[in-house]
Amino acid sequence: MLQLNGKSVPPQGRGEQDPAETLMELREGEHGILEALEVPEDIAQRLMELGFIPGSRIVAARSAPGGDPRVFRVDGSEIALRRETAAALRLRTLLTTQLPDVS
Amino acid sequence: MSGCDGCAGCATGTLVAPVAGNRAKVVAIVGPPNSGKSTLFNRLTGLRQKVANFPGVTVEQHLGKVRLGGGREVVLVDLPGIYSMTPRSEDEQVTHDVLKGRMKNVARPDAVLLILDSTNLGRHLTLAAPVLSLGVPTLVILNMADDLRHRGGNIDTAALSQQLGAPVVLVSASRGEGVDAIFSFLEKETSAPVPVELPIIQDVPRCRVWAAKIGNNAAYQAPAPPLWTRRLDAIFLHAVMGPVFFAIVVVAVFQTIFSGAKPLMEGVESLIAASSDWVGSVLPESAFRSLLIDGVWGGVGSVVVFLPQILLLFLFIGILEDSGYLARAALIADRTMARVGLQGKSFIPLLSAYACAVPAIMATRTIENKRDRYATILIAPFMTCSARLPVYTLIIAAFIPNHSLLGPFLGTQAAAMLGLYVLGFLAAFATARVLKSSVLKSERTPFMLEMPPYRKPTLQGLALRLLDRAKVFLRRAGTVILGVAIVLWVLANIPLHDGSAPPIEQSVAGTVGRAVEPLIRPLGFDWKIGVGLITSLAAREVIVGTLGTIYGIEGEADSKGLQQALQRDLDLPGAVALLVFFAFAMQCMSTLAVVRRETGGWKWPVLQFTYMSTLAYVSAFVANRAVAVFV
Ligand SMILES: Nc1nc2c(ncn2[C@@H]2O[C@H](COP(=O)(O)OP(=O)(O)OP(=O)(O)O)[C@@H](O)[C@H]2O)c(=O)[nH]1
Ligand SMILES: [Mg+2]
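Sequence order for the protein chains is W and D.
Using the numbering used here, read the first sequence as starting at 1 and increasing by one per residue.
Using the numbering used here, read the second sequence as starting at 1 and increasing by one per residue.
The set of hints was computed from the structure by calculation and includes no laboratory data.
Here the structure is a predicted model, which means the values were calculated and not measured.
Glycine residues also receive a C-beta, built at the ideal position from the N, C-alpha and C atoms.
Some hints could be false.
Quick partial rundown of chain D residues pointing at chain W, CB under 7 Å, derived from the structure [stated by the list, open to error]:
| # | residue |
| --- | --- |
| 1 | G122 |
| 2 | P205 |
| 3 | L237 |
| 4 | L331 |
| 5 | I332 |
| 6 | P522 |
All chains, full assembly: derive it from the sequences and hints.
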């Protein structure tokens with residue numbers, strides 16, 4: 001019934017130092033600043049209503065076993081997204097600091 | 001919809017017909033999902049609409065009256081939550097239609113109560129822009145004041161009111177704090193809001209910037225993050241502990257429902273037996289006495305026995321829904337749901353279908369994609385609803401010997417019950433897969449689900465849920481089941497032979513039963529089960545009452561007698577076949593009616609009925625043969 005096999009997702013193909021380019025690449029506890037939503041217009045609209053607005057700070061939180069979907073902390077709420085959606089949310093790379101979130 | 005009262009979720013309110021001209025003021029409760037709209041509605045009207053801790057609980061409009069001083073009243077409308085004025089699902093469409101005055105039976109609101117979560121005001125204030133620009137008198141209610149205070153947040157309501165050009169109050173709907181201010185707003189003649197400025201409401205980023213600015217000007221201090229939610233998620237969403245915890249809970253629930261409820265059920269049973277004996281002793285031997293004892297006590301009594309068990313099930317569902325764990329379960333289930341082409345959001349209605357398919361089918365309104373929604377509607381009746389519980393319990397108790405499997409934690413009978421639940425789930429999944437890869441194929445819609453903070457379920461909240469549930473169950477026992485029992489008793493006692501009742505096989509009921517017997521013989525059922533299958537078309541648990549009446553007339557009324565009587569008439573392969581039949585068959589008029597309403601026609605319910613009946617018959621036949629080979 002529920003996802004009981006904890007088959008983990010392969011490593012996200014990102015070295016320790018490389019900045020995350022999309023939300024999907026954030027590891028648990030890391031954060032980034034959203035740059036753009038590369039999804040169809042109506043989905044972008046809803047994501048923005050949920051707080052995913054370009055310029056906002058997003059923290060990757062816990063996930064379902066296996067890493068998908070993952071919960072993101074944004075604008076005071078916790079929203080779960082699938083990897084495929086998270087991969088379409090691009091982060092600002094220059095300013096991104098992948099320090100563990102302290103909040 | 002006759003049997004609709006069987007399910008608390010579907011009482012659509014058209015309780016107040018607006019009187020033309022001098023009609024009562026209509027006030028709509030608007031706000032984001034899970035902000036406490038229904039809690040406030042219940043507090044103001046004294047009604048009991050469903051409240052639970054996840055987004056998307058309310059899926060249709062509910063009307064209620066608020067009594068004010070001087071005998072005046074206003075009509076309050078509880079609405080589904082919205083994120084903006086652009087509806088994306090059926091439930092959001094409802095709110096949209098009501099606000100625009102396009103909903104049948106609901107006049108366009110004269111005022112709005114905008115209810116926002118004060119602990120998340122930054123984002124929630126964004127909704128104030130489109131709502132204020134409706135130009136309707138609005139009271140802005142900042143809810144969850146208790147939570148805000150606890151976590152050290154703060155807001156200057158006077159400053160916020162000045163910015164928004166509308167009155168603002170800080171309340172706690174669940175505790176009743178600050179609610180007086182809402183009554184005085186309802187009393188007053190109110191005027192349209194005059195905000196200092198408004199952004200372009202279609203532009204979400206601009207609205208968010210506007211909300212931030214307004215919040216700043218009102219000295220909004222966001223509260224500290226919910227610590228307990230983080231701690232609990234560290235367990236419930238842990239890669240290993242999470243699923244283990246889930247499995248433990250499921251096993252514990254089944255064991256408790258099966259054995260924990262036993263003493264209570266035996267208590268109810270002896271009460272029923274004692275009252276039946278008492279009625280038997282005060283009434284003289286007559287047809288009327290037989291009707292009461294065999295028909296009413298035998299029929300209704302054998303169903304009422306299951307009340308404790310059903311309440312226990314609802315207690316667990318209540319804890320699941322009120323705590324906020326449900327949203328986490330949907331998150332964990334998403335990947336599995338994805339495999340059959342659905343998404344985690346479909347999981348929430350499916351879970352509530354464990355209580356009853358009718359509210360579950362209503363709850364699919366939150367699913368944005370129409371094809372996903374239809375697929376979820378079509379598979380929901382496979383989930384083991386509480387009406388199947390009495391049937392399963394009766395047959396399992398009669399045919400499966402109780403051994404311990406996992407020490408005191410899991411017995412064979414509880415395991416058999418668990419197996420039937422899994423069977424329903426698998427049928428739902430297989431069906432979804434077929435539907436989603438054929439007629440209901442669609443693009444994948446993204447899964448976005450808000451995780452609410454965990455809240456402690458309150459004793460009062462749980463107690464009220466159980467009370468409502470008990471009322472629904474007893475009302476059903478007193479109407480549908482009682483009615484069937486009486487009709488059946490009559491049919492089992494005519495035609496009269498020389499002024500006395502015929503042997504039951506010769507009666508009208510017996511004749512009908514024997515007429516269908518050839519059809520169900522291959523499944524291992526006799527004519528009595530046949531009569532039960534016919535009456536259970538009204539609702540599943542009616543078969544228990546029906547067997548109670550039939551065996552009552554034969555002289556074995558109480559449920560121990562019912563078990564023994566069943567053991568005589570049914571062999572093990574037949575019993576397993578009966579269980580499988582009930583797992584798959586669509587025996588519920590209320591469900592068919594609500595599917596027709598939600599899909600707007602007879603096409604889907606007819607398809608569903610045909611498919612489920614065929615599947616039930618064929619699977620029961622296969623199960624019968626398979627078990628017969630083994631024993
Ligand atoms: N701490 C606290 N919790 C509250 C308060 N008001 C409501 N809640 C809880 O918030 C959760 C959501 O309440 P609902 O009334 O169902 O919210 P709703 O806005 O009707 O939700 P939807 O129908 O899903 O849009 C429930 O768990 C309530 O018990 C409050 O003032 N304080
Ligand atoms: Mg509600």
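ask   = If you take the shortest Cβ to Cβ gap from D/L237 to chain W, is it below 7 Å?
value = This interface hint holds because 4 Å falls under the 7 Å limit.
task = Identify whether the interface hint at D/P205 stands, where standing means a beta carbon of chain W within less than 7 Å of its own.
result = At about 5 Å, which falls below the 7 Å cut-off, the nearest Cβ of chain W leaves the hint on D/P205 intact, so it holds.
Interface hint for D/G122, Cβ within 7 Å of any Cβ on chain W = Check passed: Cβ of D/G122 comes within 5 Å of chain W, closer than 7 Å.
query = Against chain W, is D/L331 within 7 Å by beta-carbon distance?
reply = holds, 5 Å
query = When the nearest CB of chain W is found for D/I332, is that gap smaller than 7 Å?
reply = With Cβ-Cβ at 5 Å, under 7 Å, it holds.
Chain W contact restraint for D/P522 - C-beta distance below 7 Å = violated, 31 Å
Violated hint for the displayed structure: number 6, the only one.
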